[in-house]
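Asker: Going down the list, the protein sequences come from chains A and B.
Under this note's numbering, residues 1242 to 1356 are what the first sequence spells out, in order.
Under this note's numbering, residues 129 to 241 are what the second sequence spells out, in order.
Read the hints as simulated data drawn from the structure, not as lab findings.
Note that the structure is a prediction, hence the values are computed from the model and not measured.
One should not assume that every hint holds.
[Claimed, not checked] Pairs of lysine to any residue, SDA-like flavour, derived with a Cα cap of 20 Å: (1) A:Lys1312 with A:Lys1285; (2) A:Lys1285 with B:Lys184; (3) B:Lys180 with A:Asn1265; (4) B:Lys180 with A:Gly1340; (5) A:Lys1319 with A:Val1330; (6) A:Lys1285 with B:Gly137; (7) B:Lys184 with A:Lys1312; (8) A:Lys1252 with B:Glu170; (9) B:Lys180 with A:Gly1342; (10) B:Lys196 with A:Gly1342; (11) B:Lys184 with A:Lys1252; (12) B:Lys180 with A:Val1343; (13) A:Lys1256 with A:Pro1302; (14) A:Lys1256 with A:Phe1306; (15) B:Lys184 with A:Gly1342; (16) A:Lys1285 with B:Leu174; (17) A:Lys1285 with B:Arg236; (18) B:Lys188 with B:Ala214; (19) A:Lys1285 with B:Gln173; (20) A:Lys1285 with B:Glu136; (21) B:Lys180 with A:Glu1344; (22) A:Lys1285 with B:Gly171; (23) A:Lys1285 with B:Thr133; (24) A:Lys1285 with B:Ser233; (25) B:Lys188 with A:Glu1344.
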Amino acid sequence: EAGVAQSPRYKIIEKRQSVAFWCNPISGHATLYWYQQILGQGPKLLIQFQNNGVVDDSQLPKDRFSAERLKGVDSTLKIQPAKLEDSAVYLCASSLYTGTGVEAFFGQGTRLTVV
Amino acid sequence: GDSVTQMEGPVTLSEEAFLTINCTYTATGYPSLFWYVQYPGEGLQLLLKATKADDKGSNKGFEATYRKETTSFHLEKGSVQVSDSAVYFCALSSYSSASKIIFGSGTRLSIRP
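Looking at chain B on its own, in the form it has when it is part of the complex (with noise of 0.2 Å):
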């Protein structure tokens, strides 16, 4: 079935330091590819999505792009910040799972100031 495969935290990185999240789907045609944070105390929130191949998503100053070819959609960030400590997730919906959203583990990531 359709699944998700996120890099492991936690990641630790100092303030304005560039971020990369893995992410890897697999998944039977063309889904949909989310990245949803979760802050503490907080519930899950949508951050950026992608539709189709080649789109990128951003928000925030985050980004990811929906790669076909590698079936990636990894999280960047130019300069973080220490209010972007949070647990990330990636996410895929897509027919073939009868839509439902399918997470993948989880990234939390920490700033040092």
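Excised from the complex, chain A in its bound form (with noise of 0.2 Å):
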């Protein structure tokens, strides 16, 4: 089965510009994630989808970060304007389903550098 597809793999961008990223789930997978992870630090959610509605976008900094799950499937995180600070891996994962006990699937993460 096809695994959780994500692109670019690398961007490089100045600050202040703007960068999109996308996300295309295993198929049939109904909740998706995108994380932040920066060097040396775990993976931070910032938003969950259930289908293409919102279940957990507590820690995304709405004033710069958006997200959206069009038709339940595929997902694109938007970052305007960019900021140092947001140098990181964005990983998105997907799941079956929304619960405590269910594996996430992750892609292989867009590699973000701001200069």
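Please assemble the complex out of the two chains, which come individually in their own frames, going by the hints.
Answerer: Here is the structure:
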């Protein structure tokens, strides 16, 4: 079965520019997550979708970050404008449904460097 | 809120050594516990999990036991191989945190031949 697809793999932008990341989850997975992983730290959840509805976006910096999941399948995460501290790997993951024991499958991530 | 604390790395061991990576958690209620692994150049993948107290998760020679009394989920392997070199993340998921997966900071493991 195909895994979680993310693009691009790498992105370098200047501060104050905008950037968008794309994620295609595993087919049939209702739950989609976006995580931010800063170097040397564990992944931090930015936003969690159940189908096309938001379950949790409490740690999403909404003044500059936005995310959508159209038709409950693909998702995009946007940063506008970017700051130096946004340099990180952005991970997308999906799971069959939302539940405490459910395994999440991760994509390879997009490494963002803001200069 | 819920959180996970794991031992800091890096951890460097010789091949065939015994491995323990400590993990403790804070959570309301009864979370599910996970170990995820990130091999060089690859994405995170689930290594093992346990969903209730005293459960033991195991995979690829690794194992971890859900200890509610000590709020711990330590990862162990009896004889590590060079191919086990990776970053290991302890994580939890609980209803009190809307079932989101909360990760520890990760432990980098390097195995010398």
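Asker: Take the hints in turn and mark each one as holding or not.
Answerer: Comparing the hints with the structure gives:
| no. | hint | result |
| --- | --- | --- |
| 1 | A:Lys1312 with A:Lys1285 | violated (25 Å) |
| 2 | A:Lys1285 with B:Lys184 | violated (26 Å) |
| 3 | B:Lys180 with A:Asn1265 | violated (32 Å) |
| 4 | B:Lys180 with A:Gly1340 | holds (14 Å) |
| 5 | A:Lys1319 with A:Val1330 | holds (14 Å) |
| 6 | A:Lys1285 with B:Gly137 | holds (19 Å) |
| 7 | B:Lys184 with A:Lys1312 | violated (38 Å) |
| 8 | A:Lys1252 with B:Glu170 | holds (17 Å) |
| 9 | B:Lys180 with A:Gly1342 | holds (9 Å) |
| 10 | B:Lys196 with A:Gly1342 | holds (16 Å) |
| 11 | B:Lys184 with A:Lys1252 | violated (40 Å) |
| 12 | B:Lys180 with A:Val1343 | holds (13 Å) |
| 13 | A:Lys1256 with A:Pro1302 | holds (16 Å) |
| 14 | A:Lys1256 with A:Phe1306 | holds (14 Å) |
| 15 | B:Lys184 with A:Gly1342 | holds (14 Å) |
| 16 | A:Lys1285 with B:Leu174 | holds (17 Å) |
| 17 | A:Lys1285 with B:Arg236 | holds (18 Å) |
| 18 | B:Lys188 with B:Ala214 | holds (14 Å) |
| 19 | A:Lys1285 with B:Gln173 | holds (16 Å) |
| 20 | A:Lys1285 with B:Glu136 | holds (17 Å) |
| 21 | B:Lys180 with A:Glu1344 | holds (15 Å) |
| 22 | A:Lys1285 with B:Gly171 | holds (15 Å) |
| 23 | A:Lys1285 with B:Thr133 | holds (14 Å) |
| 24 | A:Lys1285 with B:Ser233 | holds (10 Å) |
| 25 | B:Lys188 with A:Glu1344 | holds (17 Å) |
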